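Listed below, chain by chain, are the residues.
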Amino acid sequence: MKHLINSSEITPEELYVSRRRFIKNALTASAAALLAGACQPGQGDLPAAPTLTPDTKPPTASSLRDDMGNLLTDYNSIVSYTNYYEFSTDKQGPTRLAQSFQTVPWSVAVGGLVGNPRTFTTEEIKSLFESEERIYRMRCVEGWSMVIPWMGFPLNRLLEVVEPTARAKYVRLETLYDPDQMPNQRTQIFPWPYIEGLRLDEAMHDLTLLATGIYGKSLTPQNGAPIRLVVPWKYGFKSIKSIVKIDLVEEMPVSLWMASAPNEYGFYANVNPNVNHPRWSQATERRIGQNGRIDTLLFNGYEDEVANLYQGMDLVVNF
Amino acid sequence: MKITRGQIFTHILCLLPISFLVLGYFRNALTANPIQALTLRSGHTAVNLLMLTLACRPLSDIFGLTALMKIRVILGLYAFFYALFHFLVFAGLDFEFNLKWVWEEIRFKPFIQIGLSSLVLLIPLAVTSTVRLRKKMGKRWQLLHRLAYVAAALSVLHYLMASKGDFVIPAIYGMLLFFLLILRLPPLNKTRLANQPRWVSNLNQFLLKT
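Protein chains in written order, with this note's numbering: chain A, 1 to 319; chain B, 320 to 529.
Just to be clear, a hint being listed does not mean it is correct.
Partial list, computed: chain A residues near chain B (C-beta under 10 Å) [as the list claims (entries may be wrong)]: (1) 63; (2) 67; (3) 70; (4) 76; (5) 144.
Hints are computed from structural coordinates only; laboratory data are not their basis.
Quick caveat: nothing in here was measured; it's all calculated off a predicted structure.
Each residue gets a CB set at the ideal place from its N, CA and C atoms; glycine is no exception.
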């Protein structure tokens, strides 16, 4: 089932995301007009619905393939199939439950062992750091993967502004804690809030991205709006979503997954086909939208760029 | 032997999940990762049916719902069917019947070994499920079919180990299974409802009609 998709042919987000709302609206609005619109994506304007998300641009990308020639994953799969346990442990749950997630106003407090602690609003981030497109492979620890055109900027740009001190060895990142908005945070199944960490050299690496968009559009809530981390050579769970806090610290941070299952999730979580996980095959993976399995590559195919970070380290022990 | 209404309903209800799965698969409606959805949902169905199979006897004894004893074998066979389907999705669709891959999965993953043990234990039960064999084997049949509890326990353990972080639902299954098991042990296995409610006897008669 191999097919090339022009980004203009991809179902617009407003169509996909608010399909449920369309169904509800259809009770009051003209059902026929709505159905006509829904059956012909890309043709004509959709009926104006007040519930549309603000970013109604069609998804666009500069290329259909990543640096290794892999086809991009289609936009609908990226926004409909997510792991975001703050909303739901079901893959399609976050898409439904995160629609009213408030990302305005939003700010990210950057502090800890820095010379210049600072809280950035999303507007400041937008004006201070120029956004660029990065097409990265995303490998989930569950054995599936996507190829995603992110919009964002290297985390090192932001870290340079706050000036880490000589004592800073690690970066600790934290997701919003707001059980009113994130229903699963009301349960005790995980030690909320979500925490992730990187060694400072990993955080300063040029591949490490703070992403604010996908396919030229703003991030959807289920994908981690308004700002998230993307570390393409590590398993997806390292790429923490909806960040509110970034701290430079001396000690290795304990991530949420390390705290809840230390034998399954290590601090590094580098994509590695030679280190088995008790549940999922890490030797091969399934690329979303394609049939068949493909081999998983060491460091998710970014070995040339990042292997030097781990020279002399036993990657089986430091999984 | 004539087929009862209860048995017809059981067949219809048990064929619904697979119909939805096959239909959903070919209509591309099973999330962006349909094979994972097939795996999860076939597994859930198998565990649910195993639980229902084991619930037949206590419900029949306690409430006098004897009609359930006529559908127990059918439920058990469908449980086996969904467990087998679950395995075939794993080995065939997910790992393309690539023996090396499948073997690596089984070798390195205790949760798959446990799930597979559950499926293997269900094979002799499925094979000996006919009325003829049941009568022929007598006491030995009863003994053999107690393996259903072992298979169910293994499948719940498999479910628990396969869960990522959220263990609430598998734990509920575990408690349910424990409850079903102690209902079969003395003195609880002698529990009988003194007065069968009217609607229960009506339901029972309805389900027993051929």
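Results of checking the hints against the structure:
1. Evaluation of the residue 63 (chain A) hint against chain B yields a violated restraint, the C-beta minimum of about 21 Å exceeding 10 Å.
2. Given hint, residue 67 (chain A) at the interface with chain B, is violated; its Cβ is 23 Å from that chain's nearest Cβ, farther than 10 Å.
3. About 16 Å separates the beta-carbon of residue 70 (chain A) from the nearest beta-carbon of chain B, more than 10 Å, and the hint is not met.
4. A cut of 10 Å between beta carbons decides the hint on residue 76 (chain A): the least distance to chain B is about 8 Å, and the hint holds.
5. Interface hint status for residue 144 (chain A): upheld, as the beta-carbon distance to the closest one in chain B is roughly 5 Å, under 10 Å.
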